[in-house]
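With these hints in hand, go ahead and build the complete structure from the sequences.
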Amino acid sequence: MSRVAAALRGFGAFWWDFVVGDDWLLAAGVVLALAATAALSRTDLPSWWLLPVAVAGLLGASLWRAVRLDPDRRLGARPDL
Amino acid sequence: MTRDLLMALAVFAACVVESVEALTIVLAAGMTRGWSGTWRGVAAGMVTLLVIVAVFGPALTALPIDVLRLLVGGVLLIFGLGWLRKAILRASGFVGLHDEAAIYDRERAAAGRVDASAGGWLGDPYAFTLSFKGVLLEGLEVVFIVLTFGANQDDIPLAALAALVAVLLVAGIGVAVRTPLARVPENTLKFAVGVLLTSFGMFWAVEGAGGDWPGSDGALPALIAATLAGALAAVAWLRRICNHEVKAYASAAELP
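Chains as they are written, first to last, in our numbering: chain A, 1 to 81; chain B, 82 to 337.
Worth double-checking, as some hints may not be accurate.
These stretches of chain A come out as covered by chain B in the derived footprint (C-beta under 8 Å, 3 or more residues) [to be verified]:
{"#": "1", "region": "2-12"}
{"#": "2", "region": "32-40"}
Chain B residues, not near chain A, derived (Cβ > 10 Å throughout) [to be verified]:
{"#": "3", "residue": "M112"}
{"#": "4", "residue": "R121"}
{"#": "5", "residue": "M127"}
{"#": "6", "residue": "V132"}
{"#": "7", "residue": "P139"}
{"#": "8", "residue": "I146"}
{"#": "9", "residue": "V156"}
{"#": "10", "residue": "L162"}
{"#": "11", "residue": "Q234"}
{"#": "12", "residue": "L249"}
{"#": "13", "residue": "L250"}
{"#": "14", "residue": "G253"}
{"#": "15", "residue": "R259"}
{"#": "16", "residue": "L304"}
{"#": "17", "residue": "L319"}
Across the chosen pairs, the derived CB separations fall in these ranges [what the hints assert, rightly or not]:
{"#": "18", "chain 1": "B", "residue 1": "L250", "chain 2": "A", "residue 2": "R9", "range": "37 to 47 Å"}
{"#": "19", "chain 1": "B", "residue 1": "A190", "chain 2": "A", "residue 2": "L32", "range": "37 to 47 Å"}
{"#": "20", "chain 1": "A", "residue 1": "R42", "chain 2": "B", "residue 2": "D236", "range": "22 to 32 Å"}
{"#": "21", "chain 1": "A", "residue 1": "R65", "chain 2": "B", "residue 2": "V128", "range": "24 to 34 Å"}
{"#": "22", "chain 1": "A", "residue 1": "F14", "chain 2": "B", "residue 2": "S297", "range": "31 to 41 Å"}
{"#": "23", "chain 1": "B", "residue 1": "V148", "chain 2": "A", "residue 2": "G12", "range": "17 to 27 Å"}
{"#": "24", "chain 1": "B", "residue 1": "A190", "chain 2": "A", "residue 2": "D17", "range": "24 to 34 Å"}
What the hints contain is simulated information worked out from the structure, not anything from laboratory work. Note that the Cβ used here is the ideal one computed from N, Cα and C, for glycine as well.
Put into structure tokens, the structure is as follows:
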């Protein structure tokens, strides 16, 4: 049973890593932005602009977190130092 | 027509990148462990990928187009943003560049440390497993891109053709030179593919969510240009931070 659970966990972890990647907050933000776009599309207001604006903000925030949170790994990526 | 061309270009570039990575692993396995188990691993990987396409291809095209565009566009956007994020971090110097020659050396060294053992019809089991995993894992990204682009554009044959040309091109060059294709500008290609996946993902997801792009199909090239400009601006911004930190690190190291 534990072998089956481990296999299922591994399968799920593979697909999570495959689609979501390194930053789950980025993926969660995209899902929320899509829901907001769908909600805005049901009104008379234009909705096309919302997703690009959200993506720009989400990507910027994700990059900022990546370069701010782990300075040791960051410097380690530059062996020419 | 423009959408078809951009779709074929995106699939071709993505498949070149993934094929180069798979080729590196296959060459490392074949040159170190022999080709019998390696070829069998490649064949098993290809058959598994074909089964995945045969199962999921028709299932995807059976979905209503709006649902398909919302779901697949959303997943493609998340997937593409992951590529773009990594490509920006690499281009700005915060993460080391992808180096096929170094990966090839590492895989060869690891393969050389394992004792050869008989694996029956598999040939050398280590070579089989290494090449099977390389083809399957890199190929899954190809399959994902072909199916999502092809289904959304309602032209899976064109997407599959672009992928096939890329795979055959890389495999042909790989067989001819028998070394990893370190000269392919892989990091630049990954950056371009990240921009295209993100742009197509946004375009389809907004359409699937019920939104209308101003200018209809004409919005797609503008979206790609805007995404590229934003990504390049992000690289310039992070490079400035990176250079500032390198200078601070160097001056701190000079202190007694």
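Status of the hints after comparison with the structure:
no., hint, verdict
1, 2-12, "violated (count 0)"
2, 32-40, "holds (count 4)"
3, M112, "holds (26 Å)"
4, R121, "holds (23 Å)"
5, M127, "holds (19 Å)"
6, V132, "holds (16 Å)"
7, P139, "holds (20 Å)"
8, I146, "holds (15 Å)"
9, V156, "violated (6 Å)"
10, L162, "violated (6 Å)"
11, Q234, "holds (19 Å)"
12, L249, "holds (25 Å)"
13, L250, "holds (25 Å)"
14, G253, "holds (28 Å)"
15, R259, "holds (28 Å)"
16, L304, "violated (7 Å)"
17, L319, "violated (6 Å)"
18, B:L250 to A:R9: 37 to 47 Å, "holds (38 Å)"
19, B:A190 to A:L32: 37 to 47 Å, "holds (45 Å)"
20, A:R42 to B:D236: 22 to 32 Å, "holds (30 Å)"
21, A:R65 to B:V128: 24 to 34 Å, "violated (41 Å)"
22, A:F14 to B:S297: 31 to 41 Å, "holds (38 Å)"
23, B:V148 to A:G12: 17 to 27 Å, "holds (23 Å)"
24, B:A190 to A:D17: 24 to 34 Å, "holds (25 Å)"
Consistency with the previously given hints fails for numbers 1, 9, 10, 16, 17 and 21, ordered from lowest to highest.
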